[in-house]
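Taking the hints as your guide, dock the two standalone chains into a single complex.
Sequence order for the protein chains is A and B. All the letters of the first sequence, read from the start, carry residue numbers 27 to 189 under this note's numbering. All the letters of the second sequence, read from the start, carry residue numbers 378 to 522 under this note's numbering.
If you're looking for bench data, these hints aren't it; they were derived computationally from the structure. Any given hint could be a false lead.
If the Cβ cut is set under 8 Å, some of the chain B residues that face chain A in the computed set are [unchecked claim]: (1) Ala387; (2) Phe410; (3) Ala425; (4) Ala427; (5) Asn432; (6) Gln466.
These numbers were taken from a predicted model, which means no experiment stands behind them. For each residue, glycine too, the CB sits at the ideal point set by N, CA and C.
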Amino acid sequence: MSSQEPSPAPTPLPPFNPAEAGKFFFRHGHTGWLGLRYHDHGENWVELELPWREDLLGEPDRAVLASGPIVSLMDMASGMAIWQTRTVFVPIATLDLRVDYQRPARARAPVFGRVECYRTTRSAAFVRGIAHDGDRDDPVAHVAGVFMTIASDPRSKSRTQAE
Amino acid sequence: MTKTALQLPAYARSLGIALDHFEEGVPVLAVDFGPNVEGRPGAFHGGATAGLLENAGYAALRHRLISVGRHPQLKPINITVQYLSAGKQKRAFALARITRLGRRIANVTVEAWQDRRERPIATAVMNILMADPEPSAPEPSEGTA
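Only chain B is shown next, with the shape it has when bound in the complex (with noise of 0.2 Å):
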C-alpha cells in the first residue's frame, strides 16, 4: 500500500466502485446502478451486491490496519452475503464495522443499502486472514511510498 490511503483494487474500480465518503473514519463505497451491476433487469444482482460489500469489508479493514501501522496481506477466508431486499435501479452504499481485529483473523461485518440506512438491502459476514508479505513476492513496481 502507497501513501494512498484507500487505494481500490482493478476489479472494485472496473465495476464502478468508488469511496463516497467517511464515516466516522470508516470508508463507505458506493457503486452506481447501471449494467455493469445489473442482474434480473431493473436489480442489482446477486454478484455485484457481493462485491460492493466484499469491497467495503476489505476497505475498512484496509484503512484500519494503515492507521495502526500495520501492513498485511489481505487473504479471504469466507464471507457469508444474507439477501434482504433486491437492490433497485439506484445508487448503492456500503458500510464495514470491524468486529474484531486480532493478530491473524479480521472478523468484519458490512452492511449495504441505497434509500434509506435502516432498510439495508443485504449484510455480510467476512474473515480475513492478515499474512505477513511473503518476502518472494516481488515490489510493486507501481506507486511509491
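Chain A on its own, in the form it takes in the complex (with noise of 0.2 Å):
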C-alpha cells in the first residue's frame, strides 16, 4: 500500500472499545464467519478468541487447526491492538505480516491471539502478539506485522491523528 503523509483536520470520533466495536466488526465478514469474539483488552493490547470449529481443520486426517484462521485472527487482533493504543478507529490496511508457528493448536480448544501495538508513526503501526490455547507461556504462534494508515483522499476530510 502507498502511504501519504496524514491531513492534519481532526475529527471528532468516540473513542475506540475493543469491546464494543467486536460486536460490530464480528456480526458479518470474514471474522464474523470464523466467529471472532472480544476476550480482553490493556492500554496497547486486544485480546481475541477464535472458537474451535470442526470445518477449520488444515489435514484431512488430524485434528489440526488450519494455521489459516490464525493468521486471520492475529490480523484482525492487531488491528484492534492499533485502534485501542491510538484510542481511535482509523483505516488501516496490513502491510506486512509475519507468524511462526510454534506448534499445533490443541484440538477442541479455543485459540487466543493476543497482540499489542508496540510504536505507532503517523503513516505506521507496528505489531507483535502470540497466538494461545490457554497458558499464554507456551503460544501456539508469534506474530509480527507492520500496518500502513490507509491514506484519505485529500479532498474529503481526514481522521485524527495519535500524534
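This is the structure in C-alpha cells:
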C-alpha cells in the first residue's frame, strides 16, 4: 500500500472500545464467518478468541486447526490493538504480517490471539503478539506485523491522528 | 493422501477456496469475493487473502511431493505475507512456486492476483516442514488409497 502524509483536520470520533467494536466487527464478513469474539484488552493490546470449529481443520486426517484462521485471528487482533493504542478507529491496511508457528493448537480448544501495538508513527503501526490455547507461556504462534494508515482522499475530511 | 491428487483441507473448502486450473503442472487456487472473505466493506480481509496464499502453497507442495512418491506430513513453520494492494470484489487467484524442495524443509513463494497477473495483490513466503507420518497416528478412515 502506498502511504501518504496524514491530512491535519482531526475529526472527533468516539474513543475506540474493543469490546463494543467487536460486537459490530464480528457480526459479518470474514471475522463473523470465523466466529471471532472479543476476549480482553489493555492499554495497547487486544486479545480475541477463535472458537474451535471442525470445519477449520487444516489436514484431512488430523484434528489440527489450519494455520489460515490463526492468521485471520492475529490480523484482526492487530488491527484492534492499533485502534486501541491510537484510542480511535482509523482506516488501516496490513502491509506485512509474519507468523511463526510454534506447535499445533490443541484439538477442540479455542485459540486466543493477543497482540500489542508497540509503536505507532504517523503512517505506520508496529505490532507483535502471540496465539495461545490457554497458556500464554506456551504459545501456538508468534506474530509480528506492520500496518499502514490508509491514505484518505485529500479532498475528503480526515481522521484523528494519534501523534 | 488418497489417489485424489489434490484434496483441499476443510478450512479451504469451508472458506470457498477451490482448484481453478493447473498451470504447468502446478495447481492454481481461487476464491470468489463474498461475505466469507470480506474485511473492510468491499475488500478482502487480510486473513482470507493469507488463507488463499497459504493453501496455494500447500497445494503446490503436496502436488509435487505426490508426483515424486513422497507422502510426508506437512507442518507449517512460518509464513510472511506482503500485502500489496487491496483485494477487491472479484475472484482472487493464487499460484505457488517451490523455491527449494529439501529433504525436510520446503521453501515456497506464492502470489495472489485478481485481474492482472502482473499486479499481485499479495505475496507470501512459507517454510514448511515435511515430517515422516507419525506411526502412532490413526489411519484416516475416509478415502481409501
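Evaluation of the interface hint that places Gln466(B) against chain A, nearest CB under 8 Å = violated, 12 Å
Could you check if Ala425(B) really has its C-beta closer than 8 Å to a C-beta on chain A?
-> holds, 5 Å
Hint status (Cβ of Phe410(B) to nearest Cβ of chain A, threshold 8 Å) | Because about 11 Å separates Phe410(B) from the closest Cβ in chain A, which is outside the 8 Å limit, the hint is violated.
Closer than 8 Å between Cβ atoms is the bar; does Ala387(B) clear it against chain A? Give me holds or violated.
-> holds, 4 Å
Can we keep the Ala427(B) interface hint, with Cβ of chain A closer than 8 Å?
-> holds, 4 Å
Minimum beta-carbon distance criterion (8 Å), Asn432(B) to chain A = holds, 7 Å
Checked against the numbered hints given earlier, the structure breaks hints 2, 6 and satisfies all the rest.
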